[in-house]
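Residue strings, one per chain:
Number of protein chains: 2
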Amino acid sequence: LYLAADNVQVMDMDVERALNHLDPGPLQDLTLRCEEAGADYIDVNPGPLTGRGKEKMTFLVEAIQAVSSLPLILDTANTEAMAAGLDACKKPPILNGFSMEPAKLKRVLPLARDYNCRVIGFLLMPDGRVPSNADERLSVAVDLFEAFSKAGLPPRNLIIDPVLVPVMWENGQHQAMEVLKTLRMLPDLLGFPATTMVGLSNLTWGRGRGERKALLEQTYLPMLAASGLDMVLMNMLHAGTVAVARTINALTGRRVFTLEEIP
Amino acid sequence: LYLAADNVQVMDMDVERALNHLDPGPLQDLTLRCEEAGADYIDVNPGPLTGRGKEKMTFLVEAIQAVSSLPLILDTANTEAMAAGLDACKKPPILNGFSMEPAKLKRVLPLARDYNCRVIGFLLMPDGRVPSNADERLSVAVDLFEAFSKAGLPPRNLIIDPVLVPVMWENGQHQAMEVLKTLRMLPDLLGFPATTMVGLSNLTWGRGRGERKALLEQTYLPMLAASGLDMVLMNMLHAGTVAVARTINALTGRRVFTLEEIP
Chain U
1 LYLAADNVQV MDMDVERALN HLDPGPLQDL TLRCEEAGAD YIDVNPGPLT
51 GRGKEKMTFL VEAIQAVSSL PLILDTANTE AMAAGLDACK KPPILNGFSM
101 EPAKLKRVLP LARDYNCRVI GFLLMPDGRV PSNADERLSV AVDLFEAFSK
151 AGLPPRNLII DPVLVPVMWE NGQHQAMEVL KTLRMLPDLL GFPATTMVGL
201 SNLTWGRGRG ERKALLEQTY LPMLAASGLD MVLMNMLHAG TVAVARTINA
251 LTGRRVFTLE EIP
Chain H
1 LYLAADNVQV MDMDVERALN HLDPGPLQDL TLRCEEAGAD YIDVNPGPLT
51 GRGKEKMTFL VEAIQAVSSL PLILDTANTE AMAAGLDACK KPPILNGFSM
101 EPAKLKRVLP LARDYNCRVI GFLLMPDGRV PSNADERLSV AVDLFEAFSK
151 AGLPPRNLII DPVLVPVMWE NGQHQAMEVL KTLRMLPDLL GFPATTMVGL
201 SNLTWGRGRG ERKALLEQTY LPMLAASGLD MVLMNMLHAG TVAVARTINA
251 LTGRRVFTLE EIP
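Residue numbers (our numbering), protein chains in the order written: chain U, 1 to 263; chain H, 1 to 263.
Fair warning: there could be bad hints in the mix.
No copy labels: a pair is met if it fits in one copy or bridges any two.
Capping the alpha-carbon separation at 20 Å, the derived lysine to any residue pairs in SDA-like fashion look like this [said to hold, decoys possible]:
{"no.": "1", "residue 1": "K150", "residue 2": "M13"}
{"no.": "2", "residue 1": "K213", "residue 2": "G253"}
{"no.": "3", "residue 1": "K181", "residue 2": "E16"}
{"no.": "4", "residue 1": "K213", "residue 2": "A243"}
{"no.": "5", "residue 1": "K181", "residue 2": "G253"}
Just so you know, these hints were derived from the structure itself, not from any lab.
When you get a sec, could you build the whole thing from the sequences and use the hints?
This is the structure we're talking about:
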């Protein structure tokens, strides 16, 4: 299981302030804390970037690269800013991301092709709606892979996100099980072991006690891993969840961790 | 996920002393603590019962039944004592257990048939050795189910234990993954959704820090559940692991727990 830090995001007030003032210090501190916690990737999420998008994304990429050599995930819906970020990256980033929404297909896939980098494809309906079950997700996955291939991209560059929803939603528990089913069925459906990723914090979005949210994250993450998940976008400062992720890697032997490294 | 308490076992010094003095109090206190923690079954493990076996098993069953109406799991290799326990049970217990070892097939299966109760079948080789991978386990499962059916028992009365080994064993991490694979493949292999169970404490057998053992239990249990596990034999006084088990049940919706009940 590879761990991608979701911490560098504009919803974090410190990140938002640093971004508005183009102040690299707080972003660099946060990046280093994530790297020390064991992050394999840093997701860079500056939000919609309605103003000065290219400048802000370039600033972010350069600020983080000045202190860390971890690969980045460029997480924005602003494709001009994404292109600027791509130009600033020292090593190929992952693009986050595309879906069957026509605008996304048209703008993001050519970038992924031109820069030969991996891209996250969300199993969302063309109108942006979340599929209601595994069957709908698998149907979208077939369309998504076809669109991806038609754009001239190799299968290994596709990372599929089956889309977690908050467990507090009316059908949230059912959806959590349908995501596991989707992960189990994807390799046979697509005919190759597609890399998969989810945003874990989606599960516990909304109000609720921190202990309960932590327990949900720490229980569901091993279920995702046992169903075949390859990468998880998560809060690297949730120490309990990171410990579970490292234990998963010790048990599955997919990574270099050994049992002795478990905290 | 149904939870079976492994606490009433002779390896516990208080249980051993109470059993030797036929003193019901400590056993009853322990049973009530397990029931309060959410146990669905109480495993009754008096060890090999070399002396006064029938008397001790009858005493145990009666002592527990005096304070709890939970169904019992009679866990002994002494089939005479097991028969005495069966006679003392107010509701049908689960027998623990049999394997392809000839003596077990010959003695335990007739008891399960005569008392029409469920019985745990261990995926062990006929010589008692632990299979080295999922393929060996699945091969044993086919033989086990055939022997079980030949003895005149209905499929719903079979509970399969794929046999966890300590993760500290040389191949322990590999075995942990092979157990998950076995759980995933069993329903298709046998052609019906066989009930499955594991003894979770096997995973962390041996020396080691308590926190590390807890983390291993709490990480591996959701992986087992995501792979199809139905029942877990576990220490009901490990509060963290019980909380994870309840969260699994909230997420999977297989049990009546709701998210609000998560501690």
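Checked hints:
1. For a Cα distance limit of 20 Å, the shortest separation of K150 from M13 qualifies neither inside one copy, at 40 Å, nor across copies, at 68 Å.
2. When the C-alpha separation of K213 and G253 is checked against a cutoff of 20 Å, the pair qualifies only between copies, where the shortest distance is 17 Å, while the shortest distance within a copy is 27 Å.
3. Taking the closest pair of Cα atoms, K181 and E16 never come within 20 Å of each other, the shortest separation being 37 Å inside a single copy and 45 Å across copies.
4. For a Cα distance limit of 20 Å, the shortest separation of K213 from A243 qualifies both inside one copy, at 15 Å, and across copies, at 12 Å.
5. For the identical chains of this complex, K181 and G253 are inter-copy neighbours only, at 15 Å across copies versus 23 Å inside a copy, given an alpha-carbon limit of 20 Å.
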